[in-house]
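Let chain A serve as the given structure and place chains B, C, D, E and F on it in line with the hints.
Residue numbers (the numbering used here), protein chains in the order written: chain A, 57 to 192; chain B, 57 to 192; chain C, 36 to 137; chain D, 36 to 137; chain E, 14 to 143; chain F, 14 to 143.
It is worth saying that the hints were derived from the structure and are not from the lab.
Heads up, a few of these hints could be off.
Just so you have them, the derived chain E footprint on chain F, three or more residues with Cβ under 8 Å [what the hints assert, rightly or not]:
no. : stretch
1   : 23 to 37
2   : 56 to 69
3   : 128 to 141
Note that beta-carbon positions come from the ideal geometry of N, C-alpha and C, so glycine has one too.
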Amino acid sequence: MSEDVKKFLYLNRKAPYGTIYALEALEVVLIGAAFDQDVSLAFLDDGVFQLTKGQDTKEIGVKNFSPTFRALGDYEVTKLYVEKESLDERGLSADDLQEIMYEDEDDDWAEKPSIHIVSRAEMADLIADQDVVLSF
Amino acid sequence: MSEDVKKFLYLNRKAPYGTIYALEALEVVLIGAAFDQDVSLAFLDDGVFQLTKGQDTKEIGVKNFSPTFRALGDYEVTKLYVEKESLDERGLSADDLQEIMYEDEDDDWAEKPSIHIVSRAEMADLIADQDVVLSF
Amino acid sequence: MSTLHTVNKSPFTNQSLLSCIAHAKAGDAVLMIEDGVYGAPAGTAVADALAARAGEVSIYVLGPDLAARGLDAGRILDGVNAVDYAGFVDLAAKHDRAVAWL
Amino acid sequence: MSTLHTVNKSPFTNQSLLSCIAHAKAGDAVLMIEDGVYGAPAGTAVADALAARAGEVSIYVLGPDLAARGLDAGRILDGVNAVDYAGFVDLAAKHDRAVAWL
Amino acid sequence: MKFGVVVSEGPYTHQASDTAYHFVVSALEAGHEVPRVFFYHDGVNVGTRLSVPPQDERNIQEQWTALAKEHEIDLVICIAAAQRRGMLDENEASRQGKDANNIADGFRISGLGQLIEMGIQTDRLMTFGD
Amino acid sequence: MKFGVVVSEGPYTHQASDTAYHFVVSALEAGHEVPRVFFYHDGVNVGTRLSVPPQDERNIQEQWTALAKEHEIDLVICIAAAQRRGMLDENEASRQGKDANNIADGFRISGLGQLIEMGIQTDRLMTFGD
Numbered sequence: 057m058s059e060d061v062k063k064f065l066y067l068n069r070k071a072p073y074g075t076i077y078a079l080e081a082l083e084v085v086l087i088g089a090a091f092d093q094d095v096s097l098a099f100l101d102d103g104v105f106q107l108t109k110g111q112d113t114k115e116i117g118v119k120n121f122s123p124t125f126r127a128l129g130d131y132e133v134t135k136l137y138v139e140k141e142s143l144d145e146r147g148l149s150a151d152d153l154q155e156i157m158y159e160d161e162d163d164d165w166a167e168k169p170s171i172h173i174v175s176r177a178e179m180a181d182l183i184a185d186q187d188v189v190l191s192f
Numbered sequence: 057m058s059e060d061v062k063k064f065l066y067l068n069r070k071a072p073y074g075t076i077y078a079l080e081a082l083e084v085v086l087i088g089a090a091f092d093q094d095v096s097l098a099f100l101d102d103g104v105f106q107l108t109k110g111q112d113t114k115e116i117g118v119k120n121f122s123p124t125f126r127a128l129g130d131y132e133v134t135k136l137y138v139e140k141e142s143l144d145e146r147g148l149s150a151d152d153l154q155e156i157m158y159e160d161e162d163d164d165w166a167e168k169p170s171i172h173i174v175s176r177a178e179m180a181d182l183i184a185d186q187d188v189v190l191s192f
Numbered sequence: 036m037s038t039l040h041t042v043n044k045s046p047f048t049n050q051s052l053l054s055c056i057a058h059a060k061a062g063d064a065v066l067m068i069e070d071g072v073y074g075a076p077a078g079t080a081v082a083d084a085l086a087a088r089a090g091e092v093s094i095y096v097l098g099p100d101l102a103a104r105g106l107d108a109g110r111i112l113d114g115v116n117a118v119d120y121a122g123f124v125d126l127a128a129k130h131d132r133a134v135a136w137l
Numbered sequence: 036m037s038t039l040h041t042v043n044k045s046p047f048t049n050q051s052l053l054s055c056i057a058h059a060k061a062g063d064a065v066l067m068i069e070d071g072v073y074g075a076p077a078g079t080a081v082a083d084a085l086a087a088r089a090g091e092v093s094i095y096v097l098g099p100d101l102a103a104r105g106l107d108a109g110r111i112l113d114g115v116n117a118v119d120y121a122g123f124v125d126l127a128a129k130h131d132r133a134v135a136w137l
Numbered sequence: 014m015k016f017g018v019v020v021s022e023g024p025y026t027h028q029a030s031d032t033a034y035h036f037v038v039s040a041l042e043a044g045h046e047v048p049r050v051f052f053y054h055d056g057v058n059v060g061t062r063l064s065v066p067p068q069d070e071r072n073i074q075e076q077w078t079a080l081a082k083e084h085e086i087d088l089v090i091c092i093a094a095a096q097r098r099g100m101l102d103e104n105e106a107s108r109q110g111k112d113a114n115n116i117a118d119g120f121r122i123s124g125l126g127q128l129i130e131m132g133i134q135t136d137r138l139m140t141f142g143d
Numbered sequence: 014m015k016f017g018v019v020v021s022e023g024p025y026t027h028q029a030s031d032t033a034y035h036f037v038v039s040a041l042e043a044g045h046e047v048p049r050v051f052f053y054h055d056g057v058n059v060g061t062r063l064s065v066p067p068q069d070e071r072n073i074q075e076q077w078t079a080l081a082k083e084h085e086i087d088l089v090i091c092i093a094a095a096q097r098r099g100m101l102d103e104n105e106a107s108r109q110g111k112d113a114n115n116i117a118d119g120f121r122i123s124g125l126g127q128l129i130e131m132g133i134q135t136d137r138l139m140t141f142g143d
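Just chain A, with the same shape it has in the complex (with noise of 0.2 Å):
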């Protein structure tokens, strides 16, 4: 890895739709994926309801942009953490998160999972691996 190239961590600690920051973060992260940086997006206490599936806001009259999320292996973002913990407390499992997948380049173009679940201490370890931190 170059040295020109960063260690970047979206936390994501918010749940969508109350406010505008989940939402707000995504835009920063598909600009941010433009600059050839390396980066990983970590979910944890109410950022895990970010990625829950079934999201229909038709009733509220709110863009959904849960949806987007799955676009993000076309941009290279492909790290998403996702603290068990936190998951546990909110009485969600993985089987209730989208299936987020890409394509590795450098395995023959296998599709691949960029969810993985992990645990707080492995977060706490995520976290303190990181050059930047964008908190939201």
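Just chains B, C, D, E and F now, with coordinates in the frame of chain A:
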């Protein structure tokens, strides 16, 4: 009490300075005092922090509005209810709060305390006794 | 004489739902809206606290906000009823006052 | 390699301080600012949780925010140190990254 | 029944103004009256005519302006909250020596007394905030 | 050392912009550099020139404008966040067919790339928000 008089409760649940809600709630109380309604102020959860004595905002560069609470008696706003359980959780007692007094015109202008420490159950009764509850 | 309480914050982040149910009186209604609807599902870390009051206090959740967040109506706590915006208006009209736990 | 964590919300209302200290690693620093300074006094409902980590994690509180809120510096938890804005800058420079627990 | 409505948070940033809008629409459909909506705290920002939301999102200001026109709702922006946040009508801009104003059609700027009056004159006060 | 700073909440409403200001002043006094401050989410509202805070309160926009002028700090307002919230400069107003603009002296509107660039080019990124 005339039929035109409603019971108004200002429900203060947020700490001062971190956000503007406490200050802007007080601005409503001051304007509202001119309408001759039956006004009470409730302080619970982090709202009890609004009344602490010794606030000194010089170094954060924000106006200290806590002295305004002591002027409420001049506006005939004389009923301030503070929840004991909220104080306890925060390690506070009545002694940590400002002394706020008013002169009772029905009792030969005797000086009386405006602050009443109430239990959570009494706070619930107070809320249930209102016509209009303004939340901050 | 009863009160409609509204809560719009996630109970996993913010204490508003707990404070609300601690102050609601028998015969009152509590309606979870916006991010408050995360309090509705069964099997969460806050479900027991809500369930403990669901007898004497009527608990509602705003269906449009549940759907937006992908929460399956089939997984909400027993005794919690979903309403739409029209149902929200009816609850506000039926109770004597509304208190927002912001 | 260590991290400066900042927390700006009251721990009596919001879970951010608890989440922060659950993710801080030995050698990290936690700085309470703005409404986060309400976590600093001893004898509160959250003091034990903070004190439990005050050995391996350095805990600081922003003095100007303490003073604004009328919190007596003499009543803060043992092992929690007050800094001013210049001290905040020093902490940010000394650690390898800053993480805001918003 | 008469409903008074308070909106305390800014548009897009917080769902409060959306929920308030849906509540008011449903209240009117049910035959209730909503004589006034009072915008306070960051809620005053709902009334700017300068916002340009993405084309695939709702335009919150235009929704309120249209609803108010159809149902004669008095949309009041608190003057004290508005001044802090840079929301001005033509009069205020000229009085304050500012070279521009940004209030949308259908909104008016007035004092906090309008909030208290709304509490007195309506049967229920609903608050949408954060 | 070079600090990048993000401000994510609006002025007066939240203390974030005040804390960020005091942090930047102290960083500069200590001999550090602050090449850019990026205003995102409701932070974009810090840059309005139309605010009229009470005379006994600080003027947050003027504080930033003066500090930026003295120390050549690049104050960048995110264009996407600004459009939603009704913050426009003269160019944007004309492009969007709006009849007014409200950006204060010393602030400029630009894209989110400026935030990422700031993260790459500075030694520490500090975020002040809610």
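A quick look at each hint next to the structure:
For the stretch 23 to 37 of chain F, the proposed coverage by chain E is satisfied: 4 residues have a C-beta within less than 8 Å of a C-beta in that chain, meeting the threshold of three. Given a C-beta distance limit of less than 8 Å, the hint that chain E covers the stretch 56 to 69 of chain F holds, as 8 residues qualify and 3 suffice. Residues of the stretch 128 to 141 of chain F lying with their CB closer than 8 Å to a CB of chain E number 0, which falls below the three-residue condition for coverage.
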